[in-house]
Amino acid sequence: MISRSLVLKLLSAVLVFGAWEIAGRVPVSYAFPTFLESMTALVAMTLDGTLFAAYAETLQPLVIGVLISAFLGIGIGVWIGLSTKFEWLFSPIFIVMQAAPLAALIPLLVMAYGIGLTSKVFVVCIMAMPVIVLNTAGAVRNTPASIKEMARSFLAKDSDVILKIIIPAASPVIFSGLRLGVSAGFIGAILSELKITPTGVGDIITYSRSIADYPSMYAAIFSIILLAVLFLNVLEKLEHIFFGGNHRGYVSD
Amino acid sequence: MAMSQTNLASVQSAPSVAAAEPDVAVSARQISKTYGEVEALRSLSLEFPRGQLTSLLGPSGCGKTTLLKIVAGLLEPDSGEILVNGKAVTGPGPDRAFVFQDFALLPWASVIRNVAFGLELRGVAKSEREDVARKYIGNVGLAGFENAYPHELSGGMRQRVGLARALSVDADVLLMDEPFSAVDEQTRRKFQEDLLSLVQNENKTFIFVTHSIEEAVYVSDQIAILLPRPSRVLEVIRPSGFRDSGAVNIRRDPEYLDIVDKIWASLRSYVE
Ligand SMILES: Nc1ncnc2c1ncn2[C@@H]1O[C@H](COP(=O)(O)OP(=O)(O)OP(=O)(O)O)[C@@H](O)[C@H]1O
Ligand SMILES: [Mg+2]
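Chains A and B supply the protein sequences, listed in that same order. Using the working numbering, the first residue of the first sequence is number 9, and each one after it goes up by one. Using the working numbering, the first residue of the second sequence is number 496, and each one after it goes up by one.
In short, the hints are calculated from the structure, not lab data. Treat the hints with care, since some could be wrong.
Taking lysine to aspartate or glutamate and the DMTMM-like style, the derived pairs with C-alpha atoms no more than 20 angstroms apart in a straight line are [claimed, not checked]:
| id | chain 1 | residue 1 | chain 2 | residue 2 |
| --- | --- | --- | --- | --- |
| 1 | A | Lys-93 | A | Asp-166 |
| 2 | A | Lys-156 | B | Glu-571 |
| 3 | A | Lys-165 | B | Asp-590 |
| 4 | B | Lys-582 | B | Asp-667 |
| 5 | B | Lys-685 | B | Glu-697 |
| 6 | B | Lys-699 | B | Asp-689 |
| 7 | B | Lys-621 | A | Asp-168 |
| 8 | B | Lys-699 | B | Asp-518 |
| 9 | A | Lys-203 | A | Glu-29 |
| 10 | B | Lys-685 | B | Asp-748 |
| 11 | B | Lys-582 | B | Glu-625 |
| 12 | B | Lys-621 | B | Glu-641 |
| 13 | A | Lys-165 | B | Glu-571 |
| 14 | A | Lys-172 | B | Asp-689 |
| 15 | B | Lys-630 | B | Asp-689 |
Chain A is nowhere near these chain B residues, computed Cβ spacing over 12 angstroms in every case [stated by the list, open to error]:
| id | residue |
| --- | --- |
| 16 | Ser-538 |
| 17 | Gly-546 |
| 18 | Lys-685 |
Even for Gly, the Cβ is constructed at its ideal location relative to N, Cα and C.
Please take these sequences and the hints and turn them into a complete structure.
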């Protein structure tokens, strides 16, 4: 089974990269390099260390922002999900945050917090947090009433109901919120580097575009996508380790 | 009170122990419950003798589950009170255990963890509670499935997990909400026989909800017939003559057949 899904993954990668290579050769646009050119640029940037230096910069707001969003987001989400009062109070904030055009907010953030790390962390949080909060709150609210009732009938305290019923029952949806939030956080990190100050990977993208070094630009974009995919896989593994059984089909009847 | 006691037990066959006042484990007094527009229970009163099995028999939607949950302390009645061992119920307690109509198993937990869950919530150490759980898993015929997950079990097996979970907390009163609804007829008969010996061997009070007249008459010491909404007790029947004729012979006993007919006669007018 595992090897089969691996084969499928490889196959889809080959298809996508093949299409990229062909599109680059046609070429679709003079600014669109082929897959092989981009990979060559990627290897070059890795070997001369620019990529590592860039990620040392980019990962700071990303990691801080994602961690804040995850812990705060799950906490607030559980809280909102448990209490109708807080749902009424807070959920509009996150719905607006999710819908807000981020590009329009960035100048405000820069005015308030300058062009440093703080603003970038904010951008990552604005991108990542709403989906984590809303997913968590929804999952908590949708915990099957019958198993909560069962726990109460067997003398569960409120903390037992939260820790032994609600969190495990909500964990698949919480994790899917985390995955969406983390991908949005990656977008936020790059966006902040393009819109606030060009540093890290955002700098490579901006700079190589300005000197028409398109293979390097695409290599940088490719690397961030690769990193996001790897990160999401790690997250999936973590979920499996902590809540392995929770995906076993829900028993309804 | 809109409650008439019909005692079918013929005087000569009444068990000698049930002399003057039967010991009451649970009593429901003037319970009313309304859900928004729906009046589920109206001033319902009923007593449940200790060590015996009382069935609640009535049409679907008449409020059997509601009454059971009020006894369990999961729902508050609008008026009236429940006494368990003479004390008023204010919430769930260690003296009562519930077998849910929809099983209410934790889908992410193995059979053994599900069965031990009541003990886990009471803070019993893991090895100790798993020993108890293993014993009851065996008793309900699920030995070998300790590490299976609920979705790997059939409906009847899931129901037995719910039963084992309720048994393992060793409560005085077992509240069983249609515990045999998800099993085939053969298994159902087997379970009914098992239930009879459970009532005999464990000194527990059983409150048993069912739709089936035959099942109620077969397993019960006392049958409360509930009217459709708003629910009250139409009649309480205490079959006792055929109790000693052995599990196999009950269904052939004339009194058994009489009571089944009589209950059908009094319910049929409400079905139309
Ligand atoms: N949470 C609820 N909110 C509103 N109405 C409810 C609720 N629970 C039950 N009811 C109503 O109360 C009535 C009694 O319900 P209950 O579940 O007690 O019936 P029941 O006798 O157990 O039925 P069944 O035999 O089908 O299980 C039903 O008509 C139902 O519509
Ligand atoms: Mg019911």
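20 angstroms Cα cutoff - pair B:Lys-621, A:Asp-168: Roughly 16 angstroms separates the two Cα atoms, so the pair holds.
Reported absence of B:Lys-685 from the contact zone with chain A (all CB gaps over 12 angstroms): Per Cβ check, B:Lys-685 is outside 12 angstroms of chain A; nearest 22 angstroms; holds.
20 angstroms limit on alpha-carbon distance, applied to hinted pair A:Lys-203 and A:Glu-29: violated (30 angstroms)
Pair hint B:Lys-699 and B:Asp-518, alpha-carbon separation not exceeding 20 angstroms: OK: B:Lys-699 and B:Asp-518 at ~12 angstroms, within 20 angstroms.
Hint consistency between B:Lys-699 and B:Asp-689 [alpha-carbon to alpha-carbon, up to 20 angstroms]: holds (14 angstroms)
Hinted pair A:Lys-156 and B:Glu-571, Cα distance within 20 angstroms: It holds: about 16 angstroms lies between the C-alpha atoms, which stays within 20 angstroms.
Hinted pair A:Lys-172 and B:Asp-689, Cα distance within 20 angstroms: violated (32 angstroms)
Restraint check for B:Lys-685 with B:Glu-697, where alpha carbons must lie at most 20 angstroms apart: holds (18 angstroms)
Hint consistency between B:Lys-582 and B:Glu-625 [alpha-carbon to alpha-carbon, up to 20 angstroms]: violated (31 angstroms)
Given pair status - B:Asp-689, B:Lys-630, alpha carbons within 20 angstroms: It holds: about 16 angstroms lies between the C-alpha atoms, which stays within 20 angstroms.
Pairwise hint evaluation, A:Asp-166 against A:Lys-93, where the allowed Cα distance is 20 angstroms at most: Distance ~18 angstroms between A:Lys-93 and A:Asp-166 Cα, so the pair holds.
B:Ser-538 non-interfacial with respect to chain A [C-beta, more than 12 angstroms]: holds (25 angstroms)
In summary, the structure is inconsistent with hints 9, 11, 14 from the numbered list given earlier, while agreeing with the others.
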